[in-house]
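Chains as they are written, first to last, in the UniProt record's numbering: chain E, 1 to 415; chain Y, 1 to 415.
A few of these clues could be false.
Which copy is meant is left open, so a pair is good if it fits within one copy or across any two.
To be verified - Below, a list of computed lysine to any residue pairs in the SDA-like style, where the Cα atoms sit at most 25 Å apart:
id : residue 1 : residue 2
1  : 261       : 238
2  : 241       : 196
3  : 261       : 69
4  : 241       : 396
5  : 261       : 370
6  : 261       : 84
7  : 261       : 144
Since the hints were made in silico from the structure, they are not lab data.
These numbers were taken from a predicted model, which means no experiment stands behind them.
Number of protein chains: 2
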Amino acid sequence: MNSRPASVSARPVDDYRDSIEQLLRPLAARPVEAVTVPDALGRQLADDVRSPVDLPVFRNSAMDGYAVRAASVAVTPVTLPLVGVVAAGNAGQTPLPPATAIKVMTGAPIPPGADCVIPVEDVHSDDGSVTIERGRGAGEFVREPGTDVRAGDLLVGAGTTLTPRHIAALAAVGLPSVPVFRAVRAAVITTGDELVDAGSTLRPGQIYNSNGIALAAALTANGVDVVSVAHSTDDPAQFRKLLSAATGAADVVFTSGGVSKGDFEVVKDVLAPLGGQFGSVAMQPGGPQGLTVVEGVPVLSFPGNPVSTMVSFEVFARPILRHLSGLPDVEIYELPLHNEVARSPQGKRQFLRGRLIRPKSGELPALHRYPEAVEVVSGPGSHLIAGMAWADVLIDVPAEITSLPAGAAVRVWSL
Amino acid sequence: MNSRPASVSARPVDDYRDSIEQLLRPLAARPVEAVTVPDALGRQLADDVRSPVDLPVFRNSAMDGYAVRAASVAVTPVTLPLVGVVAAGNAGQTPLPPATAIKVMTGAPIPPGADCVIPVEDVHSDDGSVTIERGRGAGEFVREPGTDVRAGDLLVGAGTTLTPRHIAALAAVGLPSVPVFRAVRAAVITTGDELVDAGSTLRPGQIYNSNGIALAAALTANGVDVVSVAHSTDDPAQFRKLLSAATGAADVVFTSGGVSKGDFEVVKDVLAPLGGQFGSVAMQPGGPQGLTVVEGVPVLSFPGNPVSTMVSFEVFARPILRHLSGLPDVEIYELPLHNEVARSPQGKRQFLRGRLIRPKSGELPALHRYPEAVEVVSGPGSHLIAGMAWADVLIDVPAEITSLPAGAAVRVWSL
Numbered sequence: 001m002n003s004r005p006a007s008v009s010a011r012p013v014d015d016y017r018d019s020i021e022q023l024l025r026p027l028a029a030r031p032v033e034a035v036t037v038p039d040a041l042g043r044q045l046a047d048d049v050r051s052p053v054d055l056p057v058f059r060n061s062a063m064d065g066y067a068v069r070a071a072s073v074a075v076t077p078v079t080l081p082l083v084g085v086v087a088a089g090n091a092g093q094t095p096l097p098p099a100t101a102i103k104v105m106t107g108a109p110i111p112p113g114a115d116c117v118i119p120v121e122d123v124h125s126d127d128g129s130v131t132i133e134r135g136r137g138a139g140e141f142v143r144e145p146g147t148d149v150r151a152g153d154l155l156v157g158a159g160t161t162l163t164p165r166h167i168a169a170l171a172a173v174g175l176p177s178v179p180v181f182r183a184v185r186a187a188v189i190t191t192g193d194e195l196v197d198a199g200s201t202l203r204p205g206q207i208y209n210s211n212g213i214a215l216a217a218a219l220t221a222n223g224v225d226v227v228s229v230a231h232s233t234d235d236p237a238q239f240r241k242l243l244s245a246a247t248g249a250a251d252v253v254f255t256s257g258g259v260s261k262g263d264f265e266v267v268k269d270v271l272a273p274l275g276g277q278f279g280s281v282a283m284q285p286g287g288p289q290g291l292t293v294v295e296g297v298p299v300l301s302f303p304g305n306p307v308s309t310m311v312s313f314e315v316f317a318r319p320i321l322r323h324l325s326g327l328p329d330v331e332i333y334e335l336p337l338h339n340e341v342a343r344s345p346q347g348k349r350q351f352l353r354g355r356l357i358r359p360k361s362g363e364l365p366a367l368h369r370y371p372e373a374v375e376v377v378s379g380p381g382s383h384l385i386a387g388m389a390w391a392d393v394l395i396d397v398p399a400e401i402t403s404l405p406a407g408a409a410v411r412v413w414s415l
Numbered sequence: 001m002n003s004r005p006a007s008v009s010a011r012p013v014d015d016y017r018d019s020i021e022q023l024l025r026p027l028a029a030r031p032v033e034a035v036t037v038p039d040a041l042g043r044q045l046a047d048d049v050r051s052p053v054d055l056p057v058f059r060n061s062a063m064d065g066y067a068v069r070a071a072s073v074a075v076t077p078v079t080l081p082l083v084g085v086v087a088a089g090n091a092g093q094t095p096l097p098p099a100t101a102i103k104v105m106t107g108a109p110i111p112p113g114a115d116c117v118i119p120v121e122d123v124h125s126d127d128g129s130v131t132i133e134r135g136r137g138a139g140e141f142v143r144e145p146g147t148d149v150r151a152g153d154l155l156v157g158a159g160t161t162l163t164p165r166h167i168a169a170l171a172a173v174g175l176p177s178v179p180v181f182r183a184v185r186a187a188v189i190t191t192g193d194e195l196v197d198a199g200s201t202l203r204p205g206q207i208y209n210s211n212g213i214a215l216a217a218a219l220t221a222n223g224v225d226v227v228s229v230a231h232s233t234d235d236p237a238q239f240r241k242l243l244s245a246a247t248g249a250a251d252v253v254f255t256s257g258g259v260s261k262g263d264f265e266v267v268k269d270v271l272a273p274l275g276g277q278f279g280s281v282a283m284q285p286g287g288p289q290g291l292t293v294v295e296g297v298p299v300l301s302f303p304g305n306p307v308s309t310m311v312s313f314e315v316f317a318r319p320i321l322r323h324l325s326g327l328p329d330v331e332i333y334e335l336p337l338h339n340e341v342a343r344s345p346q347g348k349r350q351f352l353r354g355r356l357i358r359p360k361s362g363e364l365p366a367l368h369r370y371p372e373a374v375e376v377v378s379g380p381g382s383h384l385i386a387g388m389a390w391a392d393v394l395i396d397v398p399a400e401i402t403s404l405p406a407g408a409a410v411r412v413w414s415l
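Based on the provided sequences and hints, a complete structural model is requested.
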């Protein structure tokens, strides 16, 4: 008999991830909803937004100063009668007579006839007149309508995830609301008779249920709307009932536990007869995996060890979920290894927990330094969830590599 | 007379930013509140959290397999009577007799007496007995209590901003809640008779109020709790009333507009008599600035041009606010300039809007590429808010530089 048959027939990581991506890509076509511009921060724009107005809306002053005709200040110094003042918010539609000046504030309309602004610093004002020391040419310190954006021009493109600078532009053109994609909705079901809620006293053999809380946090942090987090015992009837509620409410369902080779594998036992593919992926942690479509809803079944669950999420779900939510790609870097990896299993791609080594500066803001290296933190065990808190990347050790010396270049995935 | 007296006496950017940082640093000592672990995502831990339990809590199996005494499998193949099964969640406290095996699931307790686990792949099971093909040494596939973290050990340190991996660890040790700092609370007051709300029809001389929405979005995106966004006309009594409400509710207040050299500078007119420092900072955009402490609350007064407001926020407020909220530093890189900067004002540090040039890959997940260069997008004008939507960095042109050729190294600040 083969001593490790599972790893011989196990699917490669990239191949399995492709299957998941194929299943989830249709979630790009989600319903569109209108939200107010202030509420649109972080949401993904569903359509191109074109400006309904010119910006600037009207010809206005770039400075606090005096609007004049350039011809009136061709020879300086010159003293001109002051005919009034235009504050920001004034209509400013009375034409300016030749050889006069009118005081204008930054952003105030420039009266018809005037074609340049003399900054307040270049002017002596006196009772009813101004003496201009330095002339200006036509157009100086004048903002023409539409020079920022014209009515009808593209302002923010479909698919953009809206950051503060987009919100600023959408607000500046006066849009009350914008069309955004509804977020991807996910449901989480954890399984296992041994799991109890936080704050309970543990009886022998029990552990705290962390996977539901951890998966919900990971989904939320990647733009997904978590519609439910439920826990099932190893009773198939209970799991089936929770699954039905989850597929009714969510675009994608995540389960943890019950997918391995034990006697009580509730997830596999319920989902395999529904067409689920259950088997080994050639990775560590996170080898046993399941993938099913139930009532048209993809169900990703991760193993129950806490680190296996989180690494499965990072490797299989996070890249496509960020893509669907319009968030920047997961950052994958190549860096030298600070410490050696003494052993890595032949035939399994290993994702070790690592910490970036980067020079720190106390200065604010500091010049950013690229990380210089990555060190392995915590062991390879799939139960070392506390150790994972000390990591900021996964170190991706290829399946065919069985050890790595310090200094070797490795790929790291940002957590 | 001096043609540009303001720029001669203007304060350097770094000097003014230091003044703001000194005023805001005391906000690091904010009240502490307890939140449930699921709600703690993104919050900043106020105290060190130590594990209340050992992880693993009890000695358990790393595999689906058979727990035995290593001495019983020193010579293989060997056939042992099967005395039962321990599922995850079982107490598993009955000692295992010598020369017997008991089936154990991953995570299940290992009975006293057993000291290793034979993976299911290495075993033939038969009616009431198991034949083991390959022996294992004491400790193999056994997870000892406390090998991940010991009760009393530091789990997550004070000051950490909690990400999904921290949430996972806090959930795994069964903590129902953790102490976090209350977020920094900010209030925003925009000013100006010319501003109207989104969705209104503009009368001549009016523009849409974008600064309130944009500042609120920028604050939210940097971990700050925006408690109010209000608008004041240029009436000092109205501004004074809104200011009083803002300082009563917030840790820091941001105003926009009313700080320049015009005739109707409501912010300066109200705050300068209260001890506010108003003057020019040697930068473009964002030159006119004001800083006041009202009832013990710092009030940062930014100029009203939309780009001036946003650049002021990025340069003066964002680095310290991220530091106070425990978020990663603003990223500042040095990159070559893709296109030339033909003119930059002598004596003023200029923050141009730029876009990173980086090779894009369609692959998911893709190897991250560092940006290769930065190109100037949009003009330098402080009214070009639509153009700012196309930028992803600010290009920081030093005060003494008046032009830059393509290829010159520049510092860029991530937006």
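message: Tell me the hint numbers this structure goes against, listed in increasing order.
response: 4, 5
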